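Asks: For the record, the sequence lines run as chains Y and U.
Throughout, the working numbering is defined as the position within the first sequence, counted from one, plus 56.
Throughout, the working numbering is defined as the position within the second sequence, counted from one, plus 56.
Read the hints as simulated data drawn from the structure, not as lab findings.
A couple of the hints might just be wrong.
Because identical chains share one entry, a pair is satisfied inside a single copy or across any pair of copies.
[Unchecked claim] In silico lysine-lysine, DSS-like type, Cα no more than 27 angstroms apart, as pairs:
hint : residue 1 : residue 2
1    : K63       : K151
2    : K190      : K136
3    : K69       : K145
4    : K167      : K77
5    : K136      : K63
6    : K77       : K136
7    : K167      : K145
All values derive from a computational prediction rather than experimental measurement.
Number of protein chains: 2
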Amino acid sequence: MRALEEKILREGKVLPGHVLKVGGFLNQQLDVAFLSEMGREIARLFADAGVTKVLTIEASGIPLATLAAQALGVPAVVVKKHASANQSKDVYSAKIYSYTHGNDYTAAVAKEYLAPSDRLLIVDDFLACGNAIKGLRDIIGQAGATLAGCAVAIEKQFQGGGDELRAQGVRVESLAMIASMTEDGLTFCR
Amino acid sequence: MRALEEKILREGKVLPGHVLKVGGFLNQQLDVAFLSEMGREIARLFADAGVTKVLTIEASGIPLATLAAQALGVPAVVVKKHASANQSKDVYSAKIYSYTHGNDYTAAVAKEYLAPSDRLLIVDDFLACGNAIKGLRDIIGQAGATLAGCAVAIEKQFQGGGDELRAQGVRVESLAMIASMTEDGLTFCR
């Protein structure tokens, strides 16, 4: 999505440790009109995928997931982050390693919101190593549901998570895919 | 909003400790089409309030805040929750008492996203004692910005937070206002 690439170049800032700061429009301050366009683009890409629900994880993916679900005309389900394991028998849960914080956390969702008949589209703001998506796939598997694909705003392709998923046959669509990134600039995969 | 009251009666569940479970449409599984209607209703109520940005706090208010901002045609700003105090000079922060978890947490937002010229509409899913909104008002004050009002999906009027804000001259609009609530049923303020 060329408009997103241009926005990243104009407003994004590369910080040490492969961090791309786009808090001005994507996940702290939300440019909702632009995010709505991104949601419509995700809906266009997955129009024929039979998506029944969008699945995301707290917290920064929620705005885009909400707007993609709006454009697709389906509900969204938000997986919660917990500091410690939740052993309730009423939830599906998965342990996820956070690259940003350097620790594990437990993601959980009430079983009642995922059914074996669901075809789920995972939506998130970033895809780097893919740890969050691995955890969500684990949860989808526990529910006996189907993964229709993954849609992310920004993929940091050089961190490998997206290509690993594609190699496993998962459809992954990134609205912007970054090939390389330093404090001097970044380049996109085209 | 009559449609919301009916949905609460149909799908909500009252749990011990004044907890109203509406995770099936409001904050875990999101009925995005219905939330979009709620966002448009908030925009209608505050159409003449000169709102420049919507302000919310992680995580369960984000979907409605996003959709209210979409309907108002303004950006949204998401205040982050931190486990411990963030002393950075680049953020505004406030300590907030969590009724649900029985502890304090620090809410913080980068200074660059709030300007003295901003007229902010606080949007959240629930208003009970009003602790989160007090923290957000504190942050708005630190920024020298103006509070245009508060819009929430569900106010638990009997917990007093909404009326306390109104007594201080704050405009508070609740799409559904609960007068009383037990495991046997609930009644709305009309």
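Asks: All hints, please: hold or fail.
Replies: We went through each hint and held it up to the structure:
1. K63 <-> K151: neither (33 angstroms within a copy, 34 angstroms between copies)
2. K190 <-> K136: both (15 angstroms within a copy, 25 angstroms between copies)
3. K69 <-> K145: between (43 angstroms within a copy, 19 angstroms between copies)
4. K167 <-> K77: between (34 angstroms within a copy, 15 angstroms between copies)
5. K136 <-> K63: between (29 angstroms within a copy, 23 angstroms between copies)
6. K77 <-> K136: For K77 and K136, the Cα distance is within 27 angstroms both inside one copy (23 angstroms) and across copies (15 angstroms).
7. K167 <-> K145: within (9 angstroms within a copy, 42 angstroms between copies)
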